[in-house]
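Asker: For reference, the chains in residue letters:
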Amino acid sequence: MSNKIIAFCCEHSAYLAADLAGKQGLHYPENVRLIRVPCAGRVDVTHILKAFEKGAAAVLVVGCEEGACQHSTGNTRAKERVNYSQTLLQEIGMDNRRVEMVNVAPGAPHKFVRIIKEMNEKIKEVGEAK
Amino acid sequence: METRIGIFICDCGGSIKNIDFSTIKDKIAKIPHVVMVNLASNLCLDEGKEELLSRIKSDNINRVVIAACSPEFKEHIFQQLLEKAGLNGHLLSMANIREQCAWVHEGDVTGKALELIRMAANEALLLEPLEKREFAVKEEVLVVGGGVLGINSALQLSRVGLQTILLEREVDLGGENREFEALWGTDMSSMVKAVEADENIEIITSAEIMEIEGEVGDFSVRIMKGAEEISRSFGAIVFATGHRVEDIAPGLQLKDNANVISQHGFAQMLQASTTEPGPKTVGFVLGFSDGNSRFSTLATLNNALACRQKWDSEVYIFCKNVEVDSEGVENLYRTTRERGVVFVKYGDFPKFSIEKGVVKVEAKDIFAGEEISLTCDLLVTDEILLPAEGTEALSSLLSMKMDARGFHQDENVYFYPVASNRKGIFFVGDCRGNLDPNRALADVSSAVMSAYELLSSGKVVAEVERVKVDPQKCRTCLTCIRVCPHGAIQLVRMSNGDTDGENEVAKISDPACDGCGICAAICPAKAIKFEGYSDKQILAQVEMIGAS
Amino acid sequence: MAVSFKETLKTKDFIVTAEAAPVKGSNVSKMIEDIELLKDKVDALNVTDNQSSVMRYPSLGTCLLVKEHGGEPVLQITCRDRNRLAIQADLLFAYSRGIDNVLCLTGDSIDVGDHKEAKPVFDLDSVQLIHLVHIMNSGKDLVGNELDGAVDFCVGASATPSSDPLEPQLVKVGKKLDGGISFIQTQAVYDFDELRSFVKVIRGMDSKVKILAGIVPVVGARMAAYMNENVPGIFVPQYLIDELSQTPKGKGVSKGIEIAARMIKQIKEEKICDGVHIMFIGRESRIPEILEGAGLL
Amino acid sequence: MIVAERKPMEEIKQMVAPYKKLLLVGCGTCVTVCWAGGEKEVGILASQLRLARQAEGKEISIIEATVERQCEKEMVSELRDKVKQVEAVLSLACGAGVQTMAGMFEETPVFPALNTTFVGMPEQEGIWTEMCGLCGDCFLDRTGGICPMVRCAKGLLNGPCGGTRRGGKCEVDPEKDCAWVLIYRRLEKQGRLDLMKKYYPPKNFRAVKRPGKIQAVKA
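Protein chains in written order, with the working numbering: chain A, 1 to 130; chain B, 1 to 548; chain C, 1 to 297; chain D, 1 to 219.
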């Protein structure tokens, strides 16, 4: 059983927000593992599915706010891919709430902490990974 | 060669208190390929750096893992250290055990730190060196648009020593805003003379861009001047292609009425007239357009003032808001009031009608609370700022998005103010929807500075093949070319292994690539590898969850 | 005994035909009632062929019923459900039983019907079908074999005057005229200006062909809106919708009948075209009211 | 290019339900280009199958491979060793690829993971449209290079049906253009409308005798 959350974090936004959370001493559950990516658009469906295969209970893709992606379309593509991943999970009978795309600005540590906490609550609903 | 990982753990001067470092040290020493683990207190200070340097050398380390603060702060410093130790700077993997672990968690912080280090170590195993290379750039800039901003750009580029070609679609330089040169604080004819006399500037008029290929430092541009084709290469391109205006004559037919005139038309009239008596009563309307009305406001205030001075007319400005947030406009507004211009602030739009050739305006002044009915000899209408003709075509030529209003440069904060999603391409002033003279001139300076930074050394430095298409695996499906937000991927002919045949495959330009990895994620053949963020390297981290 | 439709087309000033839609099932009693009711009031009964791609009693079978009960049938044949062999066989059978009018249609798409997974045939298109009938009229089959016993069909086709864009549609109608048709029956029309200019264009291509305007009574504002939205090639103008929406509840059908009668009257009086084809599917028994209102009974 | 799309997961799951060892084979040609059966899609499907079995508490082992062209015996034969290790093969290729695989390894069941849909071209990134119906009797010279056999919902050869929707859209799908309106406009542009006015007799639908076979005489 695992309650691990894999959070793919854009290094221009979410990763910085997480650092800021650290600097401000905000607390959030320790079961999240951040993986730094150059843009949410780097994250592919295969990464998300592999994370579940390796025992993640949930996957977050965290990118820049819409309209503020350094790579123009990275965050919107990521959103589409996450939607697609949700379909793929659904097809095999998994709860598609386990994967989510969230937009967090670099200066928004509270939002970052909130989404981790929310995902944690969601895991309580959908169950840990087997 | 054997992979030898050295792991350096830092407690950041004691600021990491809730991690049991000795437990960690014992556990990670057992990870395959880890040949040494070092505990330090200040890895980023001189003594720490010394230690790092000497241990890399003494232990023959070829992959370095640093568990400390966020890589966002010190990664580049540590990379330089690796280089100093004779290792490629890219062979470094960092575990963020401070900001994203010790400082945000309670409970089993040591366990998590251990897992983060395992993730970094597992990734380090797969790291490959990345070389940096200098790419020569053309120290020549193309400025598109021969209006006030284009001319300014060319003059400033010349001043910083960059060769410039100034391209204008029309026969003459000058652009659309000749009537308003006072607003720009410039004298167009002397500017045109200056640009014509400048040895660094070549002027091509009556010409249009047909094609732009290549990337930052080396854009090849095909220009048609009549039947003549001009092909040139540029290091950077500055677009100052301007805007067009549409007159908003509220409820009135502008064309059919000699007594209703546009802002530009009125400015021309002011310039042309000499002694004849001007209109006795002049009304201006403002606030009928929803977009950026700064220029409209400025033009109105200027015209109103000029009209007081020249003809001593009675002047009324019907407005919803006066946007005075540009430099000097507050002052101008006060002066206008002081000189007797009457402002009528309306809530609901006024009614306009024409009776016997005279324009009648009925409005309710929401400050005075009274209904005002005014007949004026001349009504000067609001204008709306719209993208210039050809904006869409140019955008598609450059594979760029337009913003919601159809202007260049998108609304993306990362590109603000003048940069674009393609390196080396800049948009200044009204072609990106900004027609506030002071700000537009600031745009010019920004673009000139950026071009200077980019080109003045004659080269750009970029990592070689950080994102790379494997020509053997590429199916030439063009997906990456279609999705690259930076226009950095092109189809090239490449000889296939040891045969003489030539294959067409996708190739990523190192200087133009901005390293987002969108292509690597979307490639259906998995032919694109992003060193540092490759599938394997990402999955190597994923694999480690729960491994401790 | 009914007058042959071929004869009617030649001699009558104002031609009136009505559409007869077969039932879904083998109980033909209602169809027989309708046939009995209408056979002497209209010049021909025009029987649909799996209309709207909904499987029904066959057009051919219904035409036989019309014939047996003393009416003049027009056999509709679509290209959707039969290949060139089946179509020729059906034509031979029809002619052998005295059915000698055929309306050549492409047919609605399978996708609009009730058997959406069926294989659409479309071995021929409507223009080719017209040509085929003429080849058979000349005593041969499609590949040139002699027929033992020729046929002699009177051939009609359809057209859509309100197509947008109209030009490609006109090219197709031109090909149908070239193929040789005696009558055109149009998709439902409501706009007479449009109809007039359409008739003018057709007359320019072929002065002899009889043009029957399609009349579909609209029995409510909602039906009109639905048709505008969903039935390609039909456009009910706003003034009719307004008129219908002011009609009290329950009076929709009689209003629709009234409007249809008014339209037919106008077409006849102003000689806009050569006749009308009334399509009042499911309410065939009320067609006489329309005819009465139009002064045709 | 041949365009395909993945079968519904439920269907795939049922096909491979009895097997514990599977080989998933992608094809590096058409179906890679149309995002249906390249290396990436093989990875996604493999992940999904593993996760599905995991959830059911059943085991599965999957080998992933992609060959350059699955419709070539020589290229498929590279997989011989891998096929020996599994109980069944799931092929992410077009029908030709699946059958080549199945013919090469007759002892092992080979299942299709894709539905082969049509021959088409990418309209834009990620969207493919049907262009050719493989009729063996090309008609494009008469229609301005627009095939009415597949781009007209009814495959009409002599002009549009009466159902064209407002603005020249197809009766069947208002999202799609009426092929005959497109043909009209293109021929008009080329001054060749006389081509459309000509009568075209019934088409030879047996230009290719099934099963199709072509002997090249050039060699």
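No wet-lab data here; the hints were simulated from the structure.
Please read all numbers here as calculations on a predicted model, not as lab measurements.
Take the hints with a grain of salt, since some may be wrong.
[As the list claims (entries may be wrong)] Mimicking DSSO-like on lysine-lysine, the simulated pairs with C-alpha atoms at most 30 Å apart in a straight line are:
{"id": "1", "chain 1": "C", "residue 1": "LYS6", "chain 2": "D", "residue 2": "LYS84"}
{"id": "2", "chain 1": "A", "residue 1": "LYS117", "chain 2": "B", "residue 2": "LYS17"}
{"id": "3", "chain 1": "B", "residue 1": "LYS193", "chain 2": "B", "residue 2": "LYS132"}
{"id": "4", "chain 1": "C", "residue 1": "LYS140", "chain 2": "D", "residue 2": "LYS21"}
{"id": "5", "chain 1": "D", "residue 1": "LYS189", "chain 2": "D", "residue 2": "LYS209"}
{"id": "6", "chain 1": "B", "residue 1": "LYS473", "chain 2": "D", "residue 2": "LYS209"}
{"id": "7", "chain 1": "C", "residue 1": "LYS249", "chain 2": "C", "residue 2": "LYS6"}
{"id": "8", "chain 1": "D", "residue 1": "LYS203", "chain 2": "A", "residue 2": "LYS54"}
[As the list claims (entries may be wrong)] Interface residues of chain B toward chain D, partial, derived using beta-carbon atoms under 10 Å:
{"id": "9", "residue": "GLU411"}
{"id": "10", "residue": "TYR414"}
{"id": "11", "residue": "CYS477"}
{"id": "12", "residue": "ILE522"}
{"id": "13", "residue": "LYS536"}
[Said to hold, decoys possible] Per label pair, the in silico range of CB-to-CB distance:
{"id": "14", "chain 1": "C", "residue 1": "LYS119", "chain 2": "D", "residue 2": "GLY95", "range": "38 to 46 Å"}
{"id": "15", "chain 1": "A", "residue 1": "GLY127", "chain 2": "B", "residue 2": "GLN490", "range": "45 to 53 Å"}
{"id": "16", "chain 1": "C", "residue 1": "ASP191", "chain 2": "D", "residue 2": "GLY145", "range": "33 to 41 Å"}
{"id": "17", "chain 1": "D", "residue 1": "GLY145", "chain 2": "A", "residue 2": "GLY127", "range": "38 to 46 Å"}
{"id": "18", "chain 1": "A", "residue 1": "GLY127", "chain 2": "B", "residue 2": "LEU491", "range": "27 to 35 Å"}
{"id": "19", "chain 1": "D", "residue 1": "GLU78", "chain 2": "A", "residue 2": "ARG97", "range": "40 to 48 Å"}
{"id": "20", "chain 1": "C", "residue 1": "ASP191", "chain 2": "A", "residue 2": "ARG97", "range": "25 to 33 Å"}
{"id": "21", "chain 1": "B", "residue 1": "VAL160", "chain 2": "D", "residue 2": "GLU5", "range": "36 to 44 Å"}
{"id": "22", "chain 1": "C", "residue 1": "TYR226", "chain 2": "B", "residue 2": "MET210", "range": "47 to 55 Å"}
The beta-carbon is built from N, C-alpha and C at its ideal position, and this holds for glycine as well.
Asker: Hints first: check each against the structure and report whether it holds.
Answerer: Hint-by-hint comparison with the structure:
no.: 1; hint: C:LYS6 to D:LYS84; in the structure: 75 Å, violated
no.: 2; hint: A:LYS117 to B:LYS17; in the structure: 24 Å, holds
no.: 3; hint: B:LYS193 to B:LYS132; in the structure: 44 Å, violated
no.: 4; hint: C:LYS140 to D:LYS21; in the structure: 63 Å, violated
no.: 5; hint: D:LYS189 to D:LYS209; in the structure: 37 Å, violated
no.: 6; hint: B:LYS473 to D:LYS209; in the structure: 37 Å, violated
no.: 7; hint: C:LYS249 to C:LYS6; in the structure: 42 Å, violated
no.: 8; hint: D:LYS203 to A:LYS54; in the structure: 57 Å, violated
no.: 9; hint: GLU411; in the structure: 22 Å, violated
no.: 10; hint: TYR414; in the structure: 23 Å, violated
no.: 11; hint: CYS477; in the structure: 4 Å, holds
no.: 12; hint: ILE522; in the structure: 8 Å, holds
no.: 13; hint: LYS536; in the structure: 12 Å, violated
no.: 14; hint: C:LYS119 to D:GLY95: 38 to 46 Å; in the structure: 18 Å, violated
no.: 15; hint: A:GLY127 to B:GLN490: 45 to 53 Å; in the structure: 48 Å, holds
no.: 16; hint: C:ASP191 to D:GLY145: 33 to 41 Å; in the structure: 35 Å, holds
no.: 17; hint: D:GLY145 to A:GLY127: 38 to 46 Å; in the structure: 57 Å, violated
no.: 18; hint: A:GLY127 to B:LEU491: 27 to 35 Å; in the structure: 48 Å, violated
no.: 19; hint: D:GLU78 to A:ARG97: 40 to 48 Å; in the structure: 42 Å, holds
no.: 20; hint: C:ASP191 to A:ARG97: 25 to 33 Å; in the structure: 54 Å, violated
no.: 21; hint: B:VAL160 to D:GLU5: 36 to 44 Å; in the structure: 55 Å, violated
no.: 22; hint: C:TYR226 to B:MET210: 47 to 55 Å; in the structure: 50 Å, holds
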